[in-house]
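S.K.: Here's the letter readout for the chains.
4 protein chains.
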Amino acid sequence: MIRFSSDYSEGAHPKILQALIDTNMDQTGGYSEDPYCDLAKALILKALGAAEDAAAAAYGPEQARALAAGADADHPVVHFLVGGTQTNLTAILACLRPHQGVLCAPTGHINVHETGAIEACGHKVLPLPGIKEESLPYRHYGKITAEQIDQAVKAHYADGAYEHIVQPGMVYISQPTEYGTIYSLEELKAISAVCRSHGLPLFIDGARLGYALGSAQNDVTLRDLCQLADIFYIGGTKVGMLFGEAVVITNPAIAKDFRYLMKQKGGMLAKGRLLGVQFGAAFEPEGADCLYLEMGRHATSLAQKLKQGLVEAGCQLFIDSPTNQQFVVLEDSLAEEIGKEFAFEPFARYDETHGIVRFCTSWATPPEHVDSLLNRLKEL
Amino acid sequence: MIRFSSDYSEGAHPKILQALIDTNMDQTGGYSEDPYCDLAKALILKALGAAEDAAAAAYGPEQARALAAGADADHPVVHFLVGGTQTNLTAILACLRPHQGVLCAPTGHINVHETGAIEACGHKVLPLPGIKEESLPYRHYGKITAEQIDQAVKAHYADGAYEHIVQPGMVYISQPTEYGTIYSLEELKAISAVCRSHGLPLFIDGARLGYALGSAQNDVTLRDLCQLADIFYIGGTKVGMLFGEAVVITNPAIAKDFRYLMKQKGGMLAKGRLLGVQFGAAFEPEGADCLYLEMGRHATSLAQKLKQGLVEAGCQLFIDSPTNQQFVVLEDSLAEEIGKEFAFEPFARYDETHGIVRFCTSWATPPEHVDSLLNRLKEL
Amino acid sequence: MIRFSSDYSEGAHPKILQALIDTNMDQTGGYSEDPYCDLAKALILKALGAAEDAAAAAYGPEQARALAAGADADHPVVHFLVGGTQTNLTAILACLRPHQGVLCAPTGHINVHETGAIEACGHKVLPLPGIKEESLPYRHYGKITAEQIDQAVKAHYADGAYEHIVQPGMVYISQPTEYGTIYSLEELKAISAVCRSHGLPLFIDGARLGYALGSAQNDVTLRDLCQLADIFYIGGTKVGMLFGEAVVITNPAIAKDFRYLMKQKGGMLAKGRLLGVQFGAAFEPEGADCLYLEMGRHATSLAQKLKQGLVEAGCQLFIDSPTNQQFVVLEDSLAEEIGKEFAFEPFARYDETHGIVRFCTSWATPPEHVDSLLNRLKEL
Amino acid sequence: MIRFSSDYSEGAHPKILQALIDTNMDQTGGYSEDPYCDLAKALILKALGAAEDAAAAAYGPEQARALAAGADADHPVVHFLVGGTQTNLTAILACLRPHQGVLCAPTGHINVHETGAIEACGHKVLPLPGIKEESLPYRHYGKITAEQIDQAVKAHYADGAYEHIVQPGMVYISQPTEYGTIYSLEELKAISAVCRSHGLPLFIDGARLGYALGSAQNDVTLRDLCQLADIFYIGGTKVGMLFGEAVVITNPAIAKDFRYLMKQKGGMLAKGRLLGVQFGAAFEPEGADCLYLEMGRHATSLAQKLKQGLVEAGCQLFIDSPTNQQFVVLEDSLAEEIGKEFAFEPFARYDETHGIVRFCTSWATPPEHVDSLLNRLKEL
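Residue numbers (my numbering), protein chains in the order written: chain A, 1 to 380; chain B, 1 to 380; chain C, 1 to 380; chain D, 1 to 380.
Bear in mind the hints are in silico, worked out from the structure with no lab data behind them.
Backbone N, C-alpha and C fix where the C-beta goes; we use that ideal spot for every residue, glycine too.
A few of these clues could be false.
To be verified - Covered, in the sense of this in silico footprint (three residues per stretch, anywhere, with C-beta under 8 Å from a C-beta of chain B), are these stretches of chain D:
no. : segment
1   : 63-72
2   : 103-114
To be verified - Some chain B residues close to chain D (C-beta under 8 Å, calculated; not the full set):
no. : residue
3   : 63
4   : 115
5   : 198
Sequences and hints are given; from them, build the entire structure.
M.R.: Okay, structure coming up:
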């Protein structure tokens with residue numbers, strides 16, 4: 001059985017695993033207060049284009065606390081957490097007051113696949129109304145627009161009884177989205193601008209960020225994210241690490257005391273250095289050749305190859321995705337046949353005889369796996 | 001610098017790391033729905049003395065759901081989480097209704113070192129009153145008694161206005177405690193009995209359980225815990241793994257839907273098989289020689305050697321601990337001198353010229369590290 | 001200015017106010033532990049058709065606690081709270097475990113007009129999908145069906161990853177709904193049956209219950225509610241009292257310790273006897289002539305007269321409501337003109353030149369107010 | 001039976017009840033957006049010595065929102081809520097971020113008698129350590145000091161692992177305290193100064209504030225509270241109203257969006273004008289003769305008379321309280337005998353044959369009730 005069912009089917013990229021092996025018996029302090037985390041933060045800051053002084057500074061917890069007060073796009077603060085749901089709920093908790101909710105796409109991960117983690121922190125998730133995927137071109141699936149945000153905020157205050165309604169307090173988007181689509185730089189700039197005009201922090205879920213950065217169609221850099229978002233994260237769990245998400249905060253009000261929230265919500269790993277070791281390995285060597293970006297390019301180029309092969313084999317795309325997730329309409333008997341050798345994820349029904357399924361590639365996908373799948377498709 | 005400052009200073013035991021290396025590129029499903037987790041659960045169930053049919057059964061998520069309904073001491077359910085705070089809050093959340101609180105020692109980890117994680121779930125932590133460590137013999141430090149629990153529950157209902165007061169809803173203890181002391185089987189039986197007489201679930205925090213099980217003075221087995229607790233966990237983070245806690249549930253009301261709570265609170269690891277691989281390696285070979293127990297014995301025997309050496313060097317023990325944590329009274333200038341080469345943790349002031357400090361050994365401590373420390377002490 | 005803008009524009013019905021005046025200087029215990037509350041509970045129990053022994057019993061807090069354990073449709077438990085949002089959140093909190101949400105209509109009060117009060121208790125509100133008012137006959141507006149509930153629950157468990165999704169844990173409906181429509185006995189029986197088949201408690205928000213009971217089209221009695229719901233309330237704030245909601249619980253798991261939740265959430269009034277005095281006055285004399293039902297009939301009959309007049313004056317009904325709220329399409333200039341003398345509530349835009357507005361009658365509406373409005377309409 | 005068991009045994013002061021009667025059938029908007037609330041707020045602002053422009057301004061919800069941004073000691077914002085627990089939890093929620101807790105006396109109402117209402121909002125209550133009533137002079141019972149607050153904050157940051165511990169985020173005190181004692185102006189100034197030096201909002205629970213203001217020993221005015229606290233309330237439930245607490249906020253960060261929190265937590269009364277009518281009546285006529293202060297003087301002078309009589313009858317005071325609550329040591333058989341005719345509240349055991357009991361006077365206590373009690377004591 002070859003698995004295309006998710007991008008977290010394997011362990012860690014061999015280079016990242018090797019870094020863990022090499023440092024295994026070193027003794028360090030806990031809770032990410034160690035030299036590996038300091039180094040990884042410095043490497044990430046450089047990749048973000050952060051001011052040299054910030055990146056150059058020793059970057060321990062005391063420094064993090066000091067920097068938090070003055071955090072901004074040029075002096076962001078970096079923290080490491082373990083997984084996506086944990087990171088989402090901690091970040092959102094840091095942004096909102098109790099009467100506020102988070103605007104997002106109806107398909108946003110926080111709205112549909114986190115067992116109410118955000119509500120369990122006391123906050124209503126506010127899916128933007130009127131988003132009907134079926135009436136949109138593919139490239140908008142899973143996305144929201146600056147205009148929708150603007151309308152939602154204005155609609156809130158237009159209601160005379162607005163204190164009876166949850167106040168929009170921030171915006172959540174995913175890059176890439178849960179449908180594999182990506183925001184263009186122009187779209188992100190418009191969203192960021194409307195958020196700032198309404199005083200709403202913008203949070204970007206980057207659980208699969210590597211696969212956006214690695215897409216040939218992408219025009220949004222890490223540096224751009226740092227300028228446009230108040231808080232975002234660079235996902236590791238789905239991009240080559242055993243686990244780990246690197247949160248970047250540019251808004252000092254959110255950065256303040258963030259480690260307390262990490263601890264309270266169970267996101268402060270005792271052996272925090274494991275996160276530093278992994279992210280350190282992922283952001284070397286410095287620049288466009290770093291492993292993190294390389295893994296993203298690997299997965300998305302294979303996904304594009306897979307997509308092209310599926311189309312050539314006569315399959316209908318549900319979405320023309322530029323990243324590592326491909327959503328395809330498959331005839332049921334064909335799906336059953338392929339399913340004997342290849343794992344993929346059922347997504348939704350398309351019609352009585354067809355389903356929509358998802359194929360994922362990842363940093364770990366060997367090109368031969370894609371070839372095998374395409375060959376089997378041709379046979380069928 | 002040699003570190004005795006905590007029991008999570010290194011990575012994983014070489015055998016556990018090797019298991020991760022060996023399985024790294026295997027493809028599996030996520031969220032602990034994989035063969036490694038199934039195997040690890042079966043091994044743990046055997047170690048718990050669970051009924052053979054339970055242990056023999058394939059132990060996937062569907063089975064877990066089915067078993068949850070009928071869970072009991074002979075048919076416990078096992079789940080894997082990432083870290084201690086996360087495990088504590090998820091377990092406590094599973095036990096309580098909203099108006100209930102958790103009885104514990106004033107020094108309980110949930111009361112003092114988790115940034116209000118339990119309160120953030122809506123529940124008051126109820127430290128038992130009248131516990132004055134200074135008036136107790138060492139071996140009671142950090143512990144509570146069946147009698148104290150009984151009195152607290154009776155006092156609650158004796159107040160006519162009891163609906164104005166948080167209702168005691170469960171009991172939390174740690175084995176070993178935060179002071180390194182351990183409950184005897186007799187003490188645990190009494191606590192379990194009083195909990196059952198009042199309908200209170202008993203939760204045992206086993207973050208360092210290996211170091212209780214490995215203590216020469218311990219008479220409480222894993223099988224006993226399974227009979228006496230409603231829910232407890234076998235800690236991995238502090239006992240030889242990169243991270244990981246194995247929760248054992250014997251009470252079906254708590255076991256029901258536990259995976260939903262794990263997910264909501266960020267405790268369901270995407271690459272859950274990493275937990276299964278590690279716990280699988282730790283519980284092999286079956287029986288008293290398994291790595292988990294072996295690591296516990298290693299750390300506690302070195303800690304006893306360290307304790308004896310400290311006493312011989314003229315140091316006063318603050319607690320005569322039978323496990324891997326040793327609390328010692330050190331003269332300040334002596335502490336400063338030792339601190340140049342050895343890391344340890346300041347715990348509290350003792351008097352104007354002395355402090356209480358903690359030395360930890362672990363599965364990773366080489367005997368030579370203890371020798372070095374004791375030799376340096378003799379020199380000074 | 002004559003107000004039709006809400007059904008809580010005045011104080012209390014004169015008979016209820018008189019009862020407060022008559023008892024003002026009596027001394028009683030607090031927190032609804034007093035003879036007035038006992039009497040009111042006994043009167044309500046009789047109106048519910050509860051077993052004579054339950055109603056006959058002295059009904060103090062100790063009895064309430066004892067009865068809670070055995071509560072059922074024939075032996076319900078009654079509690080008094082202050083207002084609607086508080087009652088909704090307390091009732092829902094009593095029904096759910098942390099990973100569960102509450103199914104409801106998208107227009108349900110808890111979903112749209114309580115500033116996230118349910119989410120602030122940790123629970124996601126789960127509006128049923130696919131409810132498109134515009135495609136339904138009037139009488140379904142604001143309502144949900146047994147079939148929708150059934151489908152939602154089955155859809156939850158059909159998803160293999162259901163632990164990643166909030167579990168439907170209960171059902172919330174309003175009688176009458178926020179649109180003034182009412183459930184028929186047949187509809188309620190079907191909803192109750194499907195809830196029981198899935199083990200979901202059914203909670204009925206009766207903030208305006210008197211106006212359903214008083215409707216000529218209503219065929220659902222208090223006794224029926226007691227048989228069909230697990231918990232519901234008889235609203236006082238909008239039906240003739242200064243404030244107050246009488247919660248009726250028939251499910252012992254929900255009834256257990258309910259007073260703790262009331263206290264914790266701020267719903268246990270210190271001078272609780274004010275609630276007993278008011279509900280006592282409202283449920284006298286016993287039977288169909290009791291003030292509570294009388295007030296309901298008064299308001300709904302005036303509302304029907306108003307509705308008829310509006311239609312005769314050429315206004316288009318938005319909903320053909322059988323209760324005290326009337327939703328009408330008004331041309332904007334007409335609305336402006338009427339608005340100089342009469343207050344009503346803007347509800348939504350209808351088209352470019354028309355709005356939908358709400359007129360409410362209540363227990364307090366003098367017939368002449370309706371006449372004045374209709375006369376003014378005729379003039380215009 | 002004559003009741004001295006609480007200060008909420010009766011309904012409302014006749015003048016306040018009359019105001020409710022006089023306005024009963026007036027029609028107004030809901031949720032405290034009405035002229036009665038506006039007037040009451042203006043009267044309270046004058047009593048607080050607020051700037052004339054603030055008090056003179058029409059004071060509706062729109063104004064409240066506008067003023068919130070600029071709130072300060074000279075321009076405070078006033079809101080009305082229903083009861084004490086609700087007010088405490090809403091106020092504290094408004095002050096804290098999720099990782100923060102509230103410092104208070106161990107005997108603080110929020111710590112012991114609100115069923116975990118604060119924890120249910122996610123926040124740990126942090127009773128100050130080392131407060132041992134038995135070693136203090138009477139007048140300190142139930143109180144905390146500026147020094148204790150200062151030490152607690154410094155101790156928090158002195159711990160290197162402070163992110164693992166709940167951060168002190170505000171201070172809660174009661175005036176008068178739960179023991180009937182009062183803070184002097186000097187003490188309050190010191191507490192306020194230390195709070196401001198650490199950036200901690202100071203919240204004063206004034207559920208019985210009238211009985212502090214009315215005490216002959218009191219030197220703290222409403223105007224002082226406005227200068228010293230960030231948020232406090234003027235209690236009505238225990239001081240002559242059916243229910244109601246007037247919250248005063250001087251800190252703009254707390255004042256912002258406060259009405260959203262009121263609504264979410266069930267504290268926004270539909271018929272909000274009932275609160276305005278009552279507070280309006282209580283703060284007339286303007287100045288020292290206003291009913292609110294008069295009620296306070298009435299109750300405390302009778303309580304002093306009662307205290308003197310108790311001492312003369314040979315009873316031992318547990319506390320020499322200057323307000324309306326008197327705590328006395330009574331021999332058990334004497335208590336039993338008195339209890340046949342007079343209700344009072346058992347507080348704690350004193351020794352084997354004596355208990356501590358509480359007698360309360362209130363605005364409603366007739367002088368003859370005190371005489372009767374004292375006469376009966378003399379007989380016994």
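S.K.: Take the hints in turn and mark each one as holding or not.
M.R.: Hint by hint, here is what the structure shows:
1. 63-72: Violated - the segment 63-72 of chain D has 0 residues with a Cβ nearer than 8 Å to chain B, which falls short of three.
2. 103-114: holds (count 3)
3. 63: Given a least distance of 35 Å, the restraint on residue 63 of chain B is violated.
4. 115: With a minimum Cβ separation of about 6 Å from chain D (threshold 8 Å), the hint on residue 115 of chain B holds.
5. 198: Because about 19 Å separates residue 198 of chain B from the closest Cβ in chain D, which is outside the 8 Å limit, the hint is violated.
Of the numbered hints given earlier, the model fails hints 1, 3, 5; all others are met.
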